[in-house]
Amino acid sequence: MHQITPILAALKRHKAGTTLLALQIALTLAIICNALFIIEQRITHMSRPTGMVENNLLTIRNHWVGVTPNDVAPQIKSDLLALRQLPGVQDATQVNSFPLLDAGHSDDINLDPNSKSAVTNAAIYFVDEHAIPTMGAKLIAGRNFHSDEVRSLDPKAIQSSPQVILTKALADKLYPDGSALGKTLYVGNNVPASTVVGIVERLQIPWNGSWADNISEYTLLMPIQRTGNDGVYLIRSKPGQLPDVTKSASAALIKLSRMRVVNDNDIRTFDVVREQAYKNDRGMALLMGVICIVLLAITAAGIVGLTSFWVGQRRKQIGVRRALGATKSDILSYFLTENFLIGIGGVVVGAALAILLNLWMMSQFQMNRLSLSYVLAGMVALLLLGQGAVLSLAFRASRVSPVEAIRRLNN
Amino acid sequence: MFTYYLQLGLRSLLRNPVLTLLMVITIGVGVAASMTTYAVFRATSNNPIPQKASQLFLPLIDNWGPASAAENQGEPPRAISYTDAMALMNAHRAKRQTALYPLGVSVVPSDASRLPFQVRSYAAYADTFPMFDIPFIYGGGWSAQEDNAHAAVTVIGRDLNDKLFNGINSVGREINLDGRTYRIIGVMDKWNPQPLYFDAANTGGFGDATQLFIPFTSAVDTKIATSGNNECRSNPSSGWDAWLNSDCDWIAYWVELPDAASVVTYRDYLRNYAAEQQRAGRFAWPPNVRLRNVMEWLDFLEVVPPESKISMFVAFGFLLICLVNTVGLLLAKFMRCASEVGLRRALGAQRKTIYMQFLVEAGTVGLAGGVLGLVLTGFGMLGVGLVFDPEVAQLATLDASLVALTLVVAVLATVLAAFYPTWRAAQIQPAWQLKTN
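Chains as they are written, first to last, in my numbering: chain A, 476 to 886; chain B, 7 to 443.
Quick caveat, the hints were computed from the structure, so don't treat them as lab data. Each hint should be verified, as a subset may be incorrect.
[To be verified] Simulated crosslink set (DSS-like; lysine-lysine; CA at most 27 Å straight-line):
hint, chain 1, residue 1, chain 2, residue 2
1, B, Lys-169, B, Lys-196
2, B, Lys-229, A, Lys-552
3, A, Lys-754, B, Lys-315
4, A, Lys-613, A, Lys-713
5, A, Lys-490, A, Lys-791
6, A, Lys-552, A, Lys-730
7, A, Lys-490, B, Lys-358
8, B, Lys-196, B, Lys-101
9, A, Lys-730, B, Lys-169
10, A, Lys-791, A, Lys-803
11, A, Lys-591, A, Lys-648
12, A, Lys-713, A, Lys-552
[Stated by the list, open to error] A partial selection of chain B residues facing chain A, derived with a Cβ cut-off under 8 Å:
hint, residue
13, Gly-185
14, Val-330
15, Gly-334
For every residue, glycine included, the Cβ atom is placed at its ideal position computed from N, Cα and C.
One chain only, chain A, in its complex shape (with noise of 0.2 Å):
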C-alpha cells in the first residue's frame, strides 16, 4: 500500500491511457450489469408454468371452409368421437385457445352487473367437460363442468354461461378473502350472472407478452362450444405415445372431412408451442451472453493491449527500482496495485453508468428496476478480469533485470 503515492503521480503522466481503461472499464460494467439483468428477466419470463401437465400434449389448429355454424357443432363432436378412439389417445378436447397460442378471448369481470368501471379483464377459454382433464389443469376447490351444461353458441352472440370456472389467482383478485366458489361475477356488460363452480390451481392466458404478465394467470372457463370457423384440439396422449398420435390425429380428421385448412405448422406438441412462444425471450438472453462474453474478452484485451505498452516504456525505471533495491514481488505489487486502482475508479464511474442506463431503460422499455447486487457483482468481476488481464504482464515486469537500468532504452 505504500506504493499508491508514487502510482498515483506515475497515473498522472499517463492520463490519456488511465483515463482510457476507467473508461473502457466503466462502460463495460454499465452493459454488462444491465445485460445480465436482462438475461434474469428473460429466463424468469420463460419459466413461468402454464398450469397444464405439458408432455404428451398435442395442439391441433382447425379452420372449417365453408361449414355453416349450424353444422360445425356435430362435425367438432365426430372429430373428438374419432379422436378419443385413436389408439394411444388418453382425451381429447376441442377449445378456442390455450396458454401461449397468442391468440384468444378476453372480457371483462364485474362484481356489480352496474359497474361503470372492471375489475379486471380476463382471458377466457370456451370448453366442454373434457377440457381440465385433457390439458391436466388442477382443480383445486369445486368440480369440472357437466356436460350437459357445454352449450353451442355462435362466437359472434353473448358470451355468457351460468356456470365458470376460475384460476385461483383470477379467484383472488376478485374475492381477496378466498370465498370465490359459488359466488356470482358477469362477465361482460349487461349479460346474466354466472356461479363460480370450480377453481383451478393455474391456467396461463393465451399472451405471453410483457405486456400481459399483470394479467397472466387471469384465466375463466365457460362450458361453451363456438361455432366459428376456427378452433383448436388438445389431445393428451398415453405416455410415451405423442409421436404415433401427432401423425395419426391429423390424417383422422382429414379422413372424416376435408372441407378443413390444418396447416403443418398447424400441428404442435406443446414443448414446440413453448419454444415458439418463448423464441424472442430466449434469443434475447442468448444474444445478451454472447455480447457479455464477448465484450470481457476486448476489455481484457484492451488492458492486456495498454499495460503492455506500459511494461515496455518502463523498463528502464523498472530496472533502477531493482538496481536501488526494490524486490521482484514489490514489482509485481505495483503493476497489481496500479491495476486495481484504475479499476476502482472505472467500476465506481461504471455503476453510476449502469444504474442511469437502467433508468434510462425503464422509462423507453417496460423493463425493472436493476437490483444492486448486479451491480456489485460486476464490480467485482471486473476488478478481479483486470487483475487476471495484468497478471502475466506484472510478472513479466517483475522479472526485468536490474541490468536494464544502465542499459540504453532501445525498445
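Mind docking chain B on chain A? Use the hints.
Relative to chain A, chain B alone:
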C-alpha cells in the same frame, strides 16, 4: 504520397501483428454487432410506402366513451365500427377511401385431390388498389361499379396465381372461396410492403404477402366475419345484423389526403361527424377522434419490437466500448513509434505529414476491421432467426447499402478513434526523442 503513407502504415502494422490483430478483431466484432442489430431495426422501422406515407391516413373515432378511453391513455379504439365505417364511406370526403378487414376464407382448389388452404385475404373497396399503389401483372383492380353491385369478383396475388393457374393470365377465370365462386378481375404483381401498415393493428406489423382481395360489400353480404381483432364494449345480441349494428370495432379505414389543406378539412369533418353523433344521442361524449398517417400509425402501434431497439442500443454501446479500446491500443501503438516520429520530424517532416501517416494507418486498420465486420455481419444475419420471429428475421438482409455502411462505419469510427493518438504522436518533440536515444 498516399501510397507512401500506406506503405509506412502497413509496415508499422506488421511490426506488431498481435496488437494489429487485436484492433482489427475489436473493430470487426463491434461493427458486426451493431450492423446486425441495425439491419433488424432498419427492417422493422421501414417506411413501407415511402412515396405516399404522408398522404395515407387512418381515422379513428371513439365510439366507446371516456371510461374505456381512460384505460388506454385517452385513445379511441384501434379500429372503427361498421356503422362509422359506412358513414365515412357514404360521406366520401377524401380523394380516395376504403374500409378494410382481414378475412378467414379458404381457397378450395378445383382439383379435388388438393386440400383447401388459406392465404392472407382482405375485404376492401375499389380505391384500395390506386391508393396503396398495388402493381398488377394481369388485369387490374375492380371499380366502384363492382363495389356498388356487391359483385363476387376478386384480385389475387402472383403467388396464388402461380399455385392455382401455373402463372398464366387467369383474368376471367373463377376461384372457389369457402364454397362460393368469385371471378378473377386482376392478378397483382409481387406486392409485399413490410410492415403491413394497412393491417398493422391485426398483424402486429409483419406477415406473409397479401394474396387475395374481394369487395367489402360482397364480403358483408355473404357474412364473412373478420379474422382479425373484434373488440366490443358491450356484447352484441345474436346474429349477423346485430353484430354489424353493434359497437364492435373491427374495421381499418384508410383515406388518401394529397395535401395539407385536405388533411385539415378531413380532420374537421371527422370531428364534426363525432359531434353530430353526440347531438343525435348516439355518443354521450364529446368528439374524441384521431387521424394518423402511415408512419404515425406504425409508431403508435409500436410495430418495432422492443427486442430490436434494446439489442440495437446494447450493440451500439458495445461498439462504443470497442472504439474506446481502439483509442487505447492505437495510443500504445503510436507512442511506441515515438522515436521514429522524432527522427522523421528532425529530418524535416511536417506535423501535417505525421497526421496523414497515422490517419492512413488507422484507416487501414479500420478497413481491415470493416472487412472482418462484414464477414461477421454475414454470420450475424444467419443468427437473427435465433432472436427474432421468422417474419421479422427474414426482413433483415445484408444488401449493398448495408455492406457499404459497414465499411464506412468501420473506417470512419477507426479514423475518429485515431484522432487523439495521432495528435499525441504529432506533438512529439524531435529533439527530446533524439536526445534520449
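Comparing the hints with the structure gives:
1. B:Lys-169 with B:Lys-196: Between Lys-169 (chain B) and Lys-196 (chain B) the Cα gap is close to 14 Å, so the pair holds against 27 Å.
2. B:Lys-229 with A:Lys-552: Holds, because 24 Å separates the two Cα atoms, which is no more than 27 Å.
3. A:Lys-754 with B:Lys-315: holds, 17 Å
4. A:Lys-613 with A:Lys-713: holds, 18 Å
5. A:Lys-490 with A:Lys-791: holds, 20 Å
6. A:Lys-552 with A:Lys-730: Measuring from Cα to Cα gives roughly 15 Å; hence the hint holds.
7. A:Lys-490 with B:Lys-358: holds, 25 Å
8. B:Lys-196 with B:Lys-101: holds, 26 Å
9. A:Lys-730 with B:Lys-169: holds, 24 Å
10. A:Lys-791 with A:Lys-803: Judged against 27 Å, a Cα distance of about 15 Å means the pair holds.
11. A:Lys-591 with A:Lys-648: holds, 18 Å
12. A:Lys-713 with A:Lys-552: holds, 21 Å
13. Gly-185: Hint holds; Gly-185 (chain B) Cβ to chain A Cβ min 3 Å, cut 8 Å.
14. Val-330: holds, 5 Å
15. Gly-334: holds, 4 Å
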